[in-house]
Amino acid sequence: MPIERRANEILWRRQSPVAQAARFAGWLALAALTVFTFEVMTRNTIWAFFLDAPRQAADLLGRMVPPRWSYIDQLWWPLWETLNIASIGTLLAIGMALPVAFLAARNTTPSVAFVRPLALFVIVSSRSINSLIWALLLVSIIGPGALAGIIAISLRSIGFIAKLMYEAIEEIDANQVEAITATGASGGQVLVYGIWPQILPAFAGVCVFRWDINIRESTVLGLVGAGGIGLNLQASLNVLAWPQVTLIFLVILASVIASEWISARVRHAFI
Amino acid sequence: MLRIEGLTKRYRTGDLALDKVDLEVPGGQVMALIGPSGAGKSTLIRCVNRLVEPSAGRVRLGDTEITGLSRRELRRARRRMGMIFQEFALVERLTVMENVLSGQLGHVGFWRSYLRRFPQPAVDAAYQTLERVGLADQIDKRADALSGGQRQRVGIARALLQQPEILLVDEPTASLDPKTSRQIMRLICELCAERHLAAVINIHDVQLAQLFVQRVVGLRAGQVVFDGPPSGLNPEVLTRIYGEEDWTTAATRRKGTDGGDDDALDEERMAGIV
Amino acid sequence: MIAIAGQRWRRPPLIADVRLRWALIVGALVYLTLALASLEVNWNRIAEGLPRALRFIAAFFPPDFVSRWGDIYEGLLESLTMTVTSTVVGIAISVPIGIGAARNVAPWWIYVSCRGIIAISRSFQEVIIAILFVALFGFGPLAGFLTLSFATIGFLSKLLAEDIEDIDPGQAEAIRATGASWLQWINYGIQPQVMPRLIGLSLYRLDINFRESAVIGIVGAGGIGATLNTAIDRYEFDSAAAVLLIIIVIVMFAEYSSSWIRGKVQ
Chain A
0 MPIERRANEI LWRRQSPVAQ AARFAGWLAL AALTVFTFEV MTRNTIWAFF LDAPRQAADL
60 LGRMVPPRWS YIDQLWWPLW ETLNIASIGT LLAIGMALPV AFLAARNTTP SVAFVRPLAL
120 FVIVSSRSIN SLIWALLLVS IIGPGALAGI IAISLRSIGF IAKLMYEAIE EIDANQVEAI
180 TATGASGGQV LVYGIWPQIL PAFAGVCVFR WDINIRESTV LGLVGAGGIG LNLQASLNVL
240 AWPQVTLIFL VILASVIASE WISARVRHAF I
Chain B
0 MLRIEGLTKR YRTGDLALDK VDLEVPGGQV MALIGPSGAG KSTLIRCVNR LVEPSAGRVR
60 LGDTEITGLS RRELRRARRR MGMIFQEFAL VERLTVMENV LSGQLGHVGF WRSYLRRFPQ
120 PAVDAAYQTL ERVGLADQID KRADALSGGQ RQRVGIARAL LQQPEILLVD EPTASLDPKT
180 SRQIMRLICE LCAERHLAAV INIHDVQLAQ LFVQRVVGLR AGQVVFDGPP SGLNPEVLTR
240 IYGEEDWTTA ATRRKGTDGG DDDALDEERM AGIV
Chain C
0 MIAIAGQRWR RPPLIADVRL RWALIVGALV YLTLALASLE VNWNRIAEGL PRALRFIAAF
60 FPPDFVSRWG DIYEGLLESL TMTVTSTVVG IAISVPIGIG AARNVAPWWI YVSCRGIIAI
120 SRSFQEVIIA ILFVALFGFG PLAGFLTLSF ATIGFLSKLL AEDIEDIDPG QAEAIRATGA
180 SWLQWINYGI QPQVMPRLIG LSLYRLDINF RESAVIGIVG AGGIGATLNT AIDRYEFDSA
240 AAVLLIIIVI VMFAEYSSSW IRGKVQ
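Residue numbers (numbering that gives the first Met the number 0), protein chains in the order written: chain A, 0 to 270; chain B, 0 to 273; chain C, 0 to 265.
Please keep in mind that the hints were generated in silico from the structure rather than gathered at the bench.
Here the structure is a predicted model, which means the values were calculated and not measured.
For every residue, glycine included, the Cβ atom is placed at its ideal position computed from N, Cα and C.
Misleading hints may appear alongside valid ones.
[What the hints assert, rightly or not] What the simulated footprint calls covered on chain C by chain A, stretch by stretch (three residues with Cβ under 8 Å from a Cβ of chain A suffice, anywhere in the stretch; the number is not a length):
(1) 169–177
(2) 182–189
(3) 197–205
(4) 212–219
[Claimed, not checked] Just some of the chain A residues that point at chain C, by a computed CB distance under 8 Å:
(5) 12
(6) 32
(7) 40
(8) 41
(9) 56
(10) 57
(11) 79
(12) 87
(13) 91
(14) 121
(15) 124
(16) 139
(17) 141
(18) 219
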């Protein structure tokens, strides 16, 4: 807190004039960057379409309502498939993510210099690529269907689960591990008695959290052909069957709320 | 019996924690290791079971040379040395019984321990030990549901379940209130007497050490500067161990009010000594 | 006193109720069997895909940045501009909504409406929002920008609101006791407590927005996703590999720099 003395008063300011100017310049730069990027982004935008939006919205709303309720009969099977894609995908991801997490955690990795960076690279690659993009790739490689969706979901989830788990492993209390080591326990026993109980709550929380996210993600995988309710969405969009689209949105909303409720319950049970 | 010869530990940072320490602890003897923070007490204890790898010197337990063992042999040797920790170091999310049984891990194969199927004699011993330390009614509680004193009792039971020849005790009372501290120290010393166990106890509370142990070793900057009976701790010796301070109150108290349960006074003294 | 010799011990089970425990186990097994059984796998198609998979992996050594560079550059520019603008706008809108959605600072009717906005924004995938916005505003990055801004609101407001609800009430109370107005109270009692995390969350959201910008292109909302989609549709795996690598590198860069900034702020 710079204090300035002048003639017979003491001036207090939160920051020195220089820091204040720098701060102002920083905000100005951010604002300028935003305006500039906005300009670049909208170079090719046809503003007539944008201004037209309210009319479009009213028009769209008119076509979307009421939803076509009878279509629900055709949605049960895709919904079941969506659930399976999310659940099996999550299970597969857990199986693959756990070893990666232990290899990536500084205190359990066999080699900080070599294995750890490799594990971290696996994590960041998996995290960078959205499951929809994985699905896009997999559909083109192994063909459309729920299997592509499952693999896409699990490939994306590995990074997420492994990242949160390796952070949890790095935060464990070393004293407890040391105490188990001191009893003459083997490496595996130290893992099971000293480390695993400490990370179990985080593990359960992370898995259920990811399952919840995966339910959301698997609802749209069908847009690229990877199974689930998204297939119906895509089909309905293609023929502009908006009342069906509305119903699908409602079904997705319901399943998202349900999965969030379940995951909150399970996380609560494990604390 | 534990024999330490020329034990030296230099950390990677360059700090010399132990400087050619020679020490011998005969079977059944309870020894206190005192000294200021950073004197190398914890390092010494951890070098014995090689949780910290010594830089030089030898440690022998009975006729096994600990310092020369391979990893596998070291695990077998660690069974013979029970360790008790300052912050209890219980696995907090396991139950009391699981924590105690983890003292048997060195004797049980991986899958048996994974499935919690310990041999019946081990389970018997666990019940017995828990009864002895006064926790028979807390068996299926989770460790983090216990009070500090109870946790340390679990820690003691875990160490005992190893059927050790020696106890390595690292600041057993540092996280406890004065009254519980005494109870815990008394319990450790009684158990050592009952089972003819040797013990090396790191402790910073000199009064508490004097009350219970048979022998005191003073460590300063990695070197042994005192080795003798508790009664040998006079102001001059304490100055040698801890540095300049007015020790008269400590000396008079030992003569005058020994055994009095003046907790507040105890606490104040502890604050002065560290 | 308990009888000591021969007393059995078993670990107390996680779920105490025996019937519930078995119901959960059996339920999980039945579900898994049904789920796996209902999975239709076309093995011929997969066998056919194997060489393609190998070709895809081989495409990374080396990837082809050159032949589609024009498209990649356009897509990347759209993605990056979308990311910056939507994050800034999203944060600007999120802060008031986040404050409004914190139970301990807002009156109930503001609280309820702000929570409503958050719930709507969080319930739908970015992709679904993008579909709607493309229908409303036409193809292109503007729809993407609006999508990401909207999604940012749900994410940031919710976490900000939870943060405000978790503040140390003592500090806030002390400021209120000085006779500060509501705005002064927010500025002095609450902002200092939540600012570091707000900055951290904003950087995290910047990272997410970039990743999402690569996706919404698939439904026509501009960005590098469109480029990627085209490349994959044409089986141009070496161009696709180039795009994927660019995404990974940018995300890595964003992650390292944001953790650096967070370290500076906290």
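Non-conforming hints, listed in increasing numerical order: Violated hints (numbers, rising): 1, 2, 3, 5, 10, 13, 14; every other hint is consistent with the structure.
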